[in-house]
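Asks: Sequence:
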Amino acid sequence: MRILLVEDEVLIALEQQLYLETVGHDVVGPAVTAAEAVAFAADGKPDLALVDVHLGMGSNGIDAARQLTAMGVPCLFITSFRDELKKGGPLTGIGCLPKPFTQSGLLAAVDAARAILAGETPRNVPQTMELFV
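If you count the sequence shown from 1, position 9 lands on 9 in the UniProt record's numbering, and the numbers rise without skipping.
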């Protein structure tokens, strides 16, 4: 899968990139603001975006996810701020994997998202992951 990282914490983005590339995913980004995320997506549409809620320069991952979803890019939140996802209207995205995450948890969450996008029932949903669909 081609996966866009929307994460302003450099070390977390590098960790995600390492885990994802290890199993063969093509990683784009990281985008550190909502505007950057939209620009990356416009450049080459990713199959999935992993989105943090709090982004750099006062930017908001929920806004980024709404814009990405409107562009046809499905989003999975990876955040410590799960409660903020429920404020301000309907939930956007496939679900949420809370931070901190493990390598196996992140990969299982991405696989669950892939299954949902393919119309399949996910087999191995991480215990801490909340699905919105």
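What the hints contain is simulated information worked out from the structure, not anything from laboratory work. Where hints are given, some of them may not hold.
[To be verified] The list that follows gives simulated cross-link-like pairs (lysine-lysine, BS3-like), each with its CA atoms no further than 30 Å apart:
1) Lys45 - Lys87
2) Lys45 - Lys99
3) Lys86 - Lys45
4) Lys86 - Lys99
5) Lys87 - Lys99
Asks: Now tell me if each hint is right for this structure.
Replies: Evaluation of the provided hints:
1. About 28 Å separates the Cα atoms of Lys45 and Lys87, which keeps this hinted pair within 30 Å; it holds.
2. Distance hint between Lys45 and Lys99 is fulfilled; the C-alpha atoms sit about 26 Å from each other, no more than 30 Å.
3. For the given pair, Lys86 sits about 27 Å from Lys45 by alpha-carbon distance, which is consistent with the 30 Å threshold.
4. Distance check on the hinted pair: Lys86 and Lys99 sit about 17 Å apart at the alpha-carbon level, within 30 Å; holds.
5. At most 30 Å may separate the alpha-carbon atoms for a hinted pair to count; Lys87 and Lys99 meet this at roughly 19 Å.
Violation of the numbered hints given earlier is absent; every hint is satisfied by the structure.
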